[in-house]
Structure formats: structure tokens, C-alpha cells
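Colleague: The residues making up each chain are set out below.
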Amino acid sequence: MRLVDLELDLDVFAGPFDLLLTLILREEIDLLEVDLAEVVVAYIDHLEQRGELDLEAATEFLVLIAALLELKSRLLLPGEEQEIIELDPGEAAEELLARLLDAHRYRAAANHLQARLAEQSGYRFRSAPLPPSLRRASLQDAAAVYSPGTLARAIGELLRVPEPVDVRHIGVPKVTVAERLAHLRKLLARGRFSFDEAVARADRVTVAVTLFALLELYKQGEATWIQGEPFGEITIEATPSARAARLSAAG
Amino acid sequence: MSEPTLTTTGAELERTIESLLFLSSEPVSAEALADATGEELHAVVTAVERLREHYEFERRGLVLRELGGGYVLSSHPDSEPAARRLLARPRTPPLTPAQAETLAIIAYLQPVSRPEIARIRGVGAESAAATLLERGMIEESGRSQFGAVLYRTTELFLRLFGLSSLDELPDIKEFDPEPELEQELRERLLKAGEARAGS
Amino acid sequence: MSEPTLTTTGAELERTIESLLFLSSEPVSAEALADATGEELHAVVTAVERLREHYEFERRGLVLRELGGGYVLSSHPDSEPAARRLLARPRTPPLTPAQAETLAIIAYLQPVSRPEIARIRGVGAESAAATLLERGMIEESGRSQFGAVLYRTTELFLRLFGLSSLDELPDIKEFDPEPELEQELRERLLKAGEARAGS
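Chains as they are written, first to last, in our numbering: chain A, 25 to 275; chain B, 66 to 264; chain C, 66 to 264.
Be careful, since some hints might not be right.
[Stated by the list, open to error] Quick list of the computed label-pair ranges, beta carbon to beta carbon:
#, chain 1, residue 1, chain 2, residue 2, range
1, C, G103, B, E91, 26 to 36 Å
2, B, P235, A, V185, 18 to 28 Å
3, B, S209, A, P156, 40 to 50 Å
4, C, D236, A, A167, 17 to 27 Å
5, A, E119, B, E239, 16 to 26 Å
6, B, E91, C, P142, 18 to 28 Å
7, A, D165, B, H107, 24 to 34 Å
8, B, E191, A, E31, 25 to 35 Å
9, C, G103, A, Q164, 13 to 23 Å
10, A, D165, C, L246, 39 to 49 Å
11, A, N135, C, E247, 47 to 57 Å
[Claimed, not checked] Capping the alpha-carbon separation at 25 Å, the derived lysine to aspartate or glutamate pairs in DMTMM-like fashion look like this:
#, chain 1, residue 1, chain 2, residue 2
12, B, K238, A, E84
13, A, K96, A, E31
14, B, K238, A, E119
15, A, K243, A, E203
16, C, K256, B, E191
17, C, K238, A, E187
18, A, K243, A, E62
19, C, K256, B, E199
20, A, K210, A, E187
21, C, K238, A, E181
[As the list claims (entries may be wrong)] Covered stretches of chain A, going by a simulated chain C footprint (3 or more residues, C-beta under 8 Å):
#, region
22, 150-162
23, 176-186
Honestly, the hints are just simulated from the structure, not real lab data. Think of the CB as a built atom: it goes at the ideal place given N, C-alpha and C, for glycine as much as any other residue.
So that you can see chain A by itself, here it is in the shape it has in the complex:
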């Protein structure tokens, strides 16, 4: 998948990821207003939906989102760093570009190292203790340079049993787009409904996945929606053609 294909629907922005990036860089959207966690959730959903992982694009996304997080945390820091954060859009873009180029560079260097290691692996080195005569000589020259406390401390550390991590509160959401599609279609069959109804009591991931399902319905021409004002309620209803089709199927 290409990053260009990542469609977002955030509180402050709906549209493709690269457009969001541009608007941030041109300071038309305030980075402080953007919930980056939501961007990540959307990205993961997108990956799940596609069922494929393009490493190139994944790296690019990670580098960009990390850079945005850093920019944002710098913006959140009060006081002294004020002058650093007066990034003009051009500079911010250059910084992001520099990050991406660096990531490419080190990935290429990593490939080089991997190849080099493989090429060198036939040269094996000898690893053996010294012969007894030299060991005896070595013993004569041995002075107490290490502290026995180091060993006791290491054992103490190793005895530490980690606190069992309580994972009960982390429900593992296993919601699929197909499930949410079925859910939306059932609601559609009853008439119009609001998005809030569709995701009542749902967790964030389910909300994100439901949104994808809704976009899918729209793409298929099954549903349309109205939103009176920004942040207002989204009302969803079947398109006239879908309604006609359902009626004829029922009749």
C-alpha cells in the first residue's frame, strides 16, 4: 500500500494522509489539534484491511509519524524552546524530508552490512582456552581486580520476579470490517440512523473500523450520509437506488 492511499477521518481533518501532512506543513492545520494516535489507529486498520504489509511504506509512515510526534511534543513544551519551534512550513518539510532520506540511507547501509556478514561467514575464528602451561602462568599474575559483590548483586537482580502484568483491562478488539458492514446493513434495513447509534458503547478501534465499513458502503452505492455542521451528528441512510433494489428483492 502507498501512504497516499491512507484516508483519514479525524476530528479536525478528513482526507488523505499526505494532504494532512501538507496542511500541517503549511500551518493550515494546527498540529496541536491533530490526534496522532487516531492517525496510527487508522493506519493499522488500513493495513489490516489490506492484509498486506509493504515494508517500504510502513517505514515511511513510521518515520513520518515519529517526526510529527516529536514536532508536536516540542510544540507542547512550554517556554525556553519557543524559538526552536518557530518552524516555518518550508523548514518543517525539509526536516521531514531529511528524516525520510536518513531512513533510506540507513536501510541501504543495513543491507550492505547484511551482505557483508554473509560473505564473511565462511571465515571462522578459533575460540579455545589457553593451554594449561600458559594458564598456570596466568594464574601467578592474577590479582584481585573484580569485586565479589558484583556477583551477589547480579544474583539478586535475577531473583527479582517481575510483577505480573495485569492485561485484563486491555480488551483485545477483534472487530473486522465484514462484521461492521453486516451491522451497518442491518441498521440500514430499518431506515436512517446516526453514526453515534452505530458505534454506541464501541471502543476506538471499533469506531475506526465502522468508519471504514461506512466508506465501503458509500463506495458500493448502498448508503449516503449528511452532516449538518462540523462535529455535528452524521445521519446515514440508504441511497434511493439501494432502497429500490431492496424493495424489489423483497417483493
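Chain A is already provided as a structure; the job is to place chains B and C on it using the hints.
Modeller: Chains B and C only, in chain A's frame:
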């Protein structure tokens, strides 16, 4: 009369150096060999070169190389299949992409902290760094001014990657992305979005 | 026409055997060499004899000896004084955390097998154990009932830590997070290791 003696001395020195390199599990510098044998540095360097040529020209099973700041013996790669059958010890396992990236960043930027590595990669490097530490390819090298552990590569890193020093790593510029790719990234960052924004 | 081929094969085999003996710190039997090289036993025995003669007649720095039912390489005794100057000082760079942990486990639990060390630490200990072996602080001490190599500490270990016997190892109570537990140290370490691995 002096010539045979000189020749003998040269051969003796070569022989002693062969013993010393065989016994030593780490690379040995010319200076250390000169100290141990009580010979002049230039005589040591000549003897080492003769030993290297002996292995090469006589097609011996050993190879003498200058790696990690000293001379070290290794088996000849032609024997690798037999060595793999004989030794339970596997050959150097390959690096995962995450380990290789982490190692590349450490090799070029050392000393470098884990947060810096994460900053470049966009993802953390805990488990990759732990494996590289365990395999002896990197080691800690003090702390940054913010208290983060700094890493650097080890002598073993040089040896495993067939390098005599870090200077032998290719210039990082050699890994610069193609200008077309850079252009494409630049456009994707700004222009592609602007086109949409303007539309 | 067959002779040069035979000679080549003989030389190749001698070369491979040289590599294999170089890599093995323990004696290797003719059978094991035959298995590894895929050659007949008598060809291996001939090649080993040629290698032995090569070292002897060419006055090399290595010696091939038959020991404990196998062949093993060692350095030539003539080089001993130089070897002493180069190597007979114990190498005592600061222990890495992995080395300290591995050494502590061996010191308090000896004899202990490598798989046990790995279970306690939650990560492998190959590289750390190899370094401790090379530096002479630990040594092999037979095999466990499952065939794993067992380790114990050496006399050099005691010297380097200023101990006159293992009884002088410090009491761990001071560092023990739960000193009130009565359970055996080995069991507690294994349990904690498994808890770490599972978390």
C-alpha cells in the same frame, strides 16, 4: 655467514608469530607481537606478510587477515561446509532487518543512544539492541548528557564483518537515495498534497 | 592422468582438515573428520599424517598431536616464552552485564548447564560463556544427564575475585528481594527466569 642467520631468524620469527596468532583468540597488533618476540616492528611486519603469503600461495587451510586492529587467523571459507558438519556451533546467524538497521546506525553514528536510533528508525530498538549486545557486536559506551545509554560497535563487529577498522566502512554518502527518489519524496511531502489542497 | 587428481584431492583434504583442527579446541577423531569431509577413513588418516609432517619438516609454529583418541593442534613449545609474554597476563576488562550475570549464575549454582543459564537469564548466554571460557574464569565440568555441557568456575576466577575458596562468595541475602523465602536458590532463579520470559 650473516645471511643464513638472518634467514633463519626470519623463519623463526614467522614460526613464533604463527604460534602466537594460533593461541590468541583476539586480533594481535604488530606492536604486541614485537613486544612478545623482542623483535623490531619492521621485522614483525615482514614476517607476518611472509606467513600470510605462505597460507595463500601454499593453499593452506588457514587465512591470516588484519581485522579489528590486529592480525588474526581464521579458517579458509572453502572448508565452511565441512566445518558446519563437524561443529555443532552454527555459523554466524544472519541479522534480521531491524537488527541490521540498528547496527548500521550504531556503526555510522557511534557513540549513539537508543532514543537517537529510534528517532532515525521511527520505531524503538530495544529488542534489536539487546540481541546485538548479546551477540557481542555492540557494547555500551557511557551515557549521553540526558542519561541515555550510548552504544558503539566492538572489535568483534569488525572481525565478523571483515573490517580492519571503522574507516573501511563505505562512506554513508554512498547510500544516499537516488536523486529521483529524493525528488519523489519531496514532491509527495509537499506538492502532491498541495495539488489536492488547491483542487 | 589420475595421479594429479589424486594429489589435488589429497592436498584439498589436508587443507580442509587443517581448517577443522584449527577450529576445534578438543581432539577430533579420524571418524569425525571422515564424516565431516565425506572422505574415506584411510584417506583422512593419510592426509592427517601429511599435515603432521608438513608442520614438522617445514618447522611451522603448529604441532599436530594424537591425544585421547583424536587429533588436536597446538602451538610449538619453542614459542612458549613469547606466548607467555603475550598472553600470560590474565585479561581483565570490566565484565559486561551479560558476562557478570552468567558468571554469577555459574559461581553460585555450579555445576550448571548452558540451557539452565539461558532459562534463568531469559536470553542465551553463548557469547558471554565463550568469553568467560577463553579468559579462563570458567571451565567445562562434564555433562548433565541430558548431555549438556556443565560449567564451573576456575582457580583463576577465585584469584581475580580475591577469594580463597567458593565458601567466601558473598551472602546474597543483602541483595535478595525476598530473603525470607526458604526455597532452594536454583529453583527460585529458574522460576524468576521463567516469569521474566513469560512477561
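Colleague: Next step is simple, just say for each hint if it's right about the structure.
Modeller: Structure-based check of all given hints:
1. G103/C to E91/B: 26 to 36 Å: Roughly 33 Å apart at Cβ, these two residues keep to the hinted range, so it holds.
2. P235/B to V185/A: 18 to 28 Å: 47 Å, violated
3. S209/B to P156/A: 40 to 50 Å: 45 Å, holds
4. D236/C to A167/A: 17 to 27 Å: 24 Å, holds
5. E119/A to E239/B: 16 to 26 Å: Taking Cβ atoms as reference, E119/A and E239/B lie about 23 Å apart, which means the hint holds.
6. E91/B to P142/C: 18 to 28 Å: The hinted range 18 to 28 Å holds for E91/B and P142/C, with Cβ atoms some 23 Å apart.
7. D165/A to H107/B: 24 to 34 Å: 30 Å, holds
8. E191/B to E31/A: 25 to 35 Å: With Cβ atoms ~32 Å apart, the hint holds.
9. G103/C to Q164/A: 13 to 23 Å: 46 Å, violated
10. D165/A to L246/C: 39 to 49 Å: Distance hint for D165/A, L246/C holds at roughly 41 Å.
11. N135/A to E247/C: 47 to 57 Å: 55 Å, holds
12. K238/B to E84/A: 20 Å, holds
13. K96/A to E31/A: Cα-Cα ~21 Å, so holds.
14. K238/B to E119/A: 18 Å, holds
15. K243/A to E203/A: 17 Å, holds
16. K256/C to E191/B: OK: K256/C and E191/B at ~24 Å, within 25 Å.
17. K238/C to E187/A: 20 Å, holds
18. K243/A to E62/A: 22 Å, holds
19. K256/C to E199/B: Holds, because 22 Å separates the two Cα atoms, which is no more than 25 Å.
20. K210/A to E187/A: Violated, because 45 Å separates the two Cα atoms, which is more than 25 Å.
21. K238/C to E181/A: Distance of about 12 Å is within 25 Å: holds.
22. 150-162: Result for this restraint: holds, n = 11.
23. 176-186: holds (count 11)
Violation of the numbered hints given earlier is confined to hints 2, 9 and 20; the remaining hints are satisfied by the structure.
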